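Trainee: This is what each chain is made of:
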Amino acid sequence: MYQFAYHHPDNLNQAKELLTAEESKPIAGGMTLIPTLKQRLAAYESLVDLSSIAELQGISETSESIRIGAMTTHSDVHHSDTIKTKIPALSHLAGSIGDVQVRNRGTLGGSIANADPAADYPAAVVGLGATIHTAERDIAADNFFTALFETALKENEIITAVSFPVPEKAGYAKFANPASRYAIVGVMAVKTRSGIRVAVTGAAGSVFRVPEMEQALGDAFTADAVRGIAVSSAEFNSDMHATADYRGHLVSVMAARAVDAANA
Amino acid sequence: MAKTGIGEAVARREDYRFLTGQGKYVDDINLFNQAHAWIVRSPFAHATINSIDKDDAAQMPGVVAIYTSEDFSGAGGVPCGWQVNNKDGSPMNEPKHPILAEGKVRHVGDPVALVIAQTRQQARNAAEAIIIDYTELAPAIDMKAALEPDSAVIHDEVGSNLCFDWELGDKAATEAAFEDAHHVTRLDLINNRLVANPMEPRAAIGDYDSSTGEYTLYTTSQNPHVIRLLMGAFVLNIPEHKLRVYAPDVGGGFGSKIYHYAEEAMMTWAAGQLKRPVKWTAERSESFMSDAHGRDHVTHVELALDENGKFLALRCNTLANMGAYLSTFAPCVPTYLHATLLAGQYTTPVIYCEIKAVFTNTVPVDAYRGAGRPEATYLIERVVDVAAREMNIDPAELRRRNFIQPDQFPYDTPVALTYDTGNYEATLDQAMEAADYSGFEARKREAAARGKLRGIGLSCYIEACGIAPSNVVGALGARAGLYEVATVRVNPTGSVTVLTGSHSHGQGHETTFAQVVSDMLGIDYDAVDIVHGDTAKVPFGMGTYGSRSIAVGGSAIYRSVEKVISKAKKIAAHLMEADVSDIEFENGEFKVAGTDKATAFGDVALTAYVPHNYPLEELEPGLEETSFYDPANFTYPAGTYICEVEIDPETGVVEVMSFHASDDFGNIINPMIVEGQVHGGLAQGIGQALLERCVYDEQGQLLTGSYMDYCMPRADDLPSFSVDTTVTACTHNPLGVKGCGEAGAIGSPPAIINAVVNALSDYNVTHIDMPATPMKVWQHLSNGRG
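As given, the protein sequences belong to chains A and B, one line each in that order. Using the numbering used here, you'd call the opening residue of the first sequence number 624 and step up by one each time. Using the numbering used here, you'd call the opening residue of the second sequence number 209 and step up by one each time.
No lab work stands behind these hints, which were simulated from the structure alone. One or more hints might be untrue.
[Unchecked claim] FRET-style restraints, in silico, Cβ to Cβ:
#	chain 1	residue 1	chain 2	residue 2	range
1	A	S683	B	R225	46 to 52 Å
2	A	Q662	B	I398	28 to 34 Å
3	A	E646	B	E365	47 to 53 Å
4	A	A677	B	S418	57 to 63 Å
5	B	D364	A	I657	29 to 35 Å
Remember, it's a predicted structure, so these values are computed and weren't measured experimentally. Where is the CB? At the ideal position from N, CA and C, for every residue including glycine.
For reference, chain B alone in the conformation it holds in the complex (with noise of 0.2 Å):
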């Protein structure tokens, strides 16, 4: 029998159905009598909208309905999920997210009306003849440029561009800490605008039971109940109980589809209007300018070192592009996500942060795989790596002088964290041996007698996965709480059906959680079911993003399957006529200890729901627990990741030429399933250091709106990963583990860059910023060269 127990590489059940087009997105359901709806989009990035005259639209063969932002005077505005507090106290500036546009339009894809038709096509042809007079307004672009007092304001109401202006750490120690430093190395980055592009497109269905009152919106969320929850309470004024949200397969999300945004109240709310479905599935150029963006910090970044290389202080600040509005999360991102981890794996003492969090014309910003954790690890190992070079000390030897010792763990950082545990220079250790680091020389003369320049690159990541717990997110301005739910449903033949708040978008949940379930009961992995997305199957959830699944979802259903196990126990304790206390269970059957007396786990569940033997003054029948798990803390993966480069002096063509990651997940799961995230994450993490941008022109234009000039990463772009992995198990959570579902893209960009400086360090190159393109490259040679 082939092993699939906790630990084992079992192949993804889920993917039998994706790989032979049998999975079930969104977009593949069609609901009776369903409409269509198209959504006409702003053309500019910032204008006065004058009038809209629907009138020949409505005539239009097919029309159902026009809706504009009148017709959602009873709706309120696109909730944002986290309140950022300025140094002052004063909250942020939180401006309003009209449902559709209100007056003006802030970014071009501002949604500004609603055409449902009897068919898509009848759809975007009325709604091409719908006549919107607008007045162009200079736009707010650049985020420098947005806080200057004689820019364009974005939000009348807010008065300025800027969203919040927050800080961490203590500065007064920080400034005292540079005055006496014996160096201190400087550098200004850029972290750039990504666009998330899943697979699947976003895609939402509104339906409406009038004979019960009840609402399901079928929609491409990696957080139904999320969804719910805002788009219910806040939006709509549609309570739960007649609310249904339901995320079926989920083509990718990367954080993309984390949040609500507008097209889900409004098929939802037209579907109650209309009194019939109503689909919208975006085209990929709508993606490219309606999903929240990501990144897109410019940093001021300054290292004080001591004689010996030690990390004395840190100190930064950070423009954080926020967008037109506030996506669901985004103000978190750059404060709580970032500033929290410029730790590192450093015992760096004393650290002060700045962030501005700016609003422009663009599409809004939030979290993309990773999510400020990329960022804090691009800047603090682009820095570290840029003192190493200024101080003459090799990088790995400037890090090593620098980390966390294993006995200090817990240890607490200056920024706010403590880390339960991690052995940093075990992990570096293990790298550099697989990347052959002393080799490296070798290899660089080899590529220069064939007129390649050669470079190598490391980065020593840390990342906060399973962000909790709620009470200390509540007090940072959460305004959920970021627990995870778990039902195991043991059902009466011995089969089991476990009910997951987390949502598998591509993660193969479906597969990990089965291992985790079947292993502790000790039942075949084929008699264990995962089942996630709808809020009418699942009692509760938080969702999936931060790689929090396995760390918070996955203890979520080990406390539950120990309640089951607990409640089996009692049941067999009577089956056998024996004290509970002397029940041990192992290999699916209750025993009891020092004879030879067992039953099956199958036998216990049938007795459960068939309680004809049974102690019902005791024990309800039934075989059923649910649990909230709440964690203790963060979990910290960490990993050293090494990289070499080969540049083409003639071209400035980078080239990847190996790729090492060494990770310590805490306790592997599914060690296939691990490595397929840590390439998507290292493909993603290539993606941003040498391949993807989002480039708006100064009016607001998005130059990169299609796969035309936003370059996604290829598989012949990749190199053949290598990868391993180190483990030091998490100390707060039952499994030990600790998430890997982000940490290919937070490690990898610095290492990239690194070896890309060093491979040009002949050309007196200290930074570049990313994605380091064949022509920015070639311009630094030109200047090395003059």
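Isolated chain A (complex conformation) (with noise of 0.2 Å):
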């Protein structure tokens, strides 16, 4: 990696105020940037971790939904007793990311402001239909992703935390790359209080919603229901390890897998 300069502000307004700076970049986790870092592929004249900020911490519970601040690890998500009481599936989803030190230094704000096609936070955050907040504002999950590794924050916007509204129930169903184990599909499947979301991550581009699965689940919330559901491919992802083909096969079978696990 090449030479930077490390900060770590224990407070927003600092983080934020160095930020301002040429050429620096916030460092969460840093699962993905420190090995693009390591392999010269980016290069920043500072980085500015988040780890020492009190207010991007902890997980915090209202009546209807839990908030998580940006920087908990994927290790706190999925040990939460909140978690595992309110939305099982959510503690599951960080429970399968990566391998335990990613875990343990990953967090949820980092992985949702990379935006990784294959990461599996955006399932979550997509088929909970959360909220991210960031310093200056909300941002709706369905306004969040809005292109490979893009996303609607600003240049160095922070996200602070995220409220996922309690579902009625939730399941995840993942296919992991073999290799990497990141998802190569990953499918949230949720009944809300206000209607049916279902989201895949790993597929496309960007993290989705699956109109078809969702009216379908509406009139019966049932893996039979989503089954035989087939999704397009034409735009999906395509590589050595799956095609879009397999990858389209594989949404219809992760689906019904995230409903059995949400009716289990």
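Relying on the hints, combine the two individually framed chains into one complex.
Mentor: Quick look at the structure:
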């Protein structure tokens, strides 16, 4: 990696101030950024480490939602009793990310800001209809992920927390890349108080919802309701591990499994 | 007291330092005034180098030197250690393998320039400032296409991409047998290209002492004496007495650290130029594009059978990928380590095999755990399985009908080997019993009720370890001897230092060899130390590969201990005023037969070094013996592996439900270490069969250049293994041992693929190439449904 200045502010204002400098970049868990820097695929004058900022930490519960600080690790989400009780599918999803080391370092905010097409969290954020809180505003999940590695965030806008409405039921099923264990296809199927949401990660350039499945599940929230629904794979990713066709097939299979998990 | 003798499961003494982070690897070594190297590598598979502008780079902070190919004009190329001849007797094409690319790059990762700076970071920064002007050429990646007349030619002086066209066996007799056959089974298969991926990346430090003219190379090698020989004599022209090669703790090799690599010569040479140490440690991504790869065969095989399923003949032709240059032992892998194994465990009377070795714009390919024998086992055990299905004979029964019988040993195969001993049916029976072969149908039904497709597969492998004897391998093209060396040094107070030419890089030699020596001498296990890896300490050695360490290295130690005992008996006879023929040695004591006179091993050792009461006129003082052990033959471990898998028909995911291995390794010194070796081999075999593949795109870019895409087996990919052994002792080495390091990786891939194909038998699937990834299985399922 190239040399850079390293800052670790302990409050949000200080972080925002530091990030106004040229070629500065916030770093959360660093699970993508650090390998990228090590391979010299990116270089910054300064990195602003968000891990010491108390406002970005912690899991809190309101009557209808759970608010998770952006710098909460996957491991903390996975092990949280609150989340296990209220949104077990989210706990399960967090526990399926990467490996133990990644889960101990990687964070919710870092993951969704990076918007990797094969990351797990986008399925949860969109599937559960979460709200992304930044230092400046709130963004609805459906408006957050805009394209491959792109989000509605402005340059160096800091995510502070994500609020997940507590669903009636939810399930997540993932078909992991055998090598990287990223999602080749991951499906979050959710019965919310206001309707059904099905979100798919891994298959395309960005997380997306499947209206046909949502409609079918609205009629009957069963695995059989989605098993036969084929999604068009025309725009899907295709690589040596999975062709677009195979991904298309897996969306139906994983959707059915996600519904089974939600109903379990 | 803990039992530590031959046959005891002694805990590995080396593990304490490994598990507590106290292992000393090359990268842990830092020398005074050490400079750091970064190697500029080709981003292209095939390109001419028009110019290299290093002026800006040379001005970068900390830069000590930048070298390109002209600087190495006085050095030889990286040598190849084995010559294979064509069918017509002419030698193989052996193009130069330069230390740094000379005017042309031939694979992604081919070294182009060497940058040395005060720090690694500075060297890397300067490397980025070197401006190299390339003209890309069409690459030759696919082996079949590389042999077509319109293919790009990788080595202009060769004129084509054919390295050699070789054959083994009686072609006419084989063809005649096929003409008369009741049934012929045909199969096309691919043995997938693999990356070895030892945990420790390669590293090298060159050092030069200008006061003595002595060079030292610290390197991650499986055979430091071989590196000293190859690099000293063929590349840098440094005589042995001025070159020390030291391979300290080495974190796994699996074959990839046998070979002499250009980086070793670069560091050694640069240290001499700069009069200071120079260090290089590979990054993981560098390992992917510069460590020798393994396997990569494309084969057509045919098996002829009579109406009872007796094998009448086998023939095959194989394209074997050599990569862009010939690595140290590459030519012998598809030939003498592959074609010679094509009889397997069977009495197939005639066999004919053609091998074309092909240059491609890829990383050089060489031996990887098993080296040729996995490829042979895979094609035999797959074609036998397909034949069983075609002839509607149980796969185990078909194998049984064709086994070489115990009373047929020594058995001459039609492909040049003589098996000394074995009992294949006993091993098959034991494996079938342990795996509950007959209970499979019930398990299949139970799986079907859960919506899973369950399959069973078996494989009966043979392998050849401890490649030897030297005169035979020399006649077959080896440019080195294949003996092993051991010095057993009894110290004055009776402790023992063993200097072995074998090299341990995870095998547990320090424990196993100490068990042998302490058992033979009747002394405390902790009184025996094993020293290896340093040409300054060990007299000579050929190193560790091909499962040769216990069979060849262990035998050398055995012979040296015998010599020590023989001399010690003479000293004991003198001390006890007896005739040497009356001296017996037992449990660490020399006794005069028929009396109660005895003297301890330690007293004899002390007498040897303080020879006040000593037969000086007949015997030299000291107690140290050296042996060069050159085996009479290979050893032939064999076994039966049985695997059961379940396939999820919705996703194509294959899960290995059970794996049983019954191996005949001959006598066993440490059963725990042997079991560990089998586990590791099985993990790599499962990796090859289900997970691992090295993929180049059409432009020769390495698509699987990191663990994001190259799938190494992990614990949750593996079942809990069940292993046991049978024993037919090797007849030609003193310990009766055969070797166990590679068996797991050799025998397991066909067992797994046979199980996968068995599970898919209702879907009209007769073969699936490795690795049987979920997508590939799903595609077969989809086609079968259609």
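Trainee: Give me the numbers of the hints this structure contradicts, sorted from smallest to largest.
Mentor: 5
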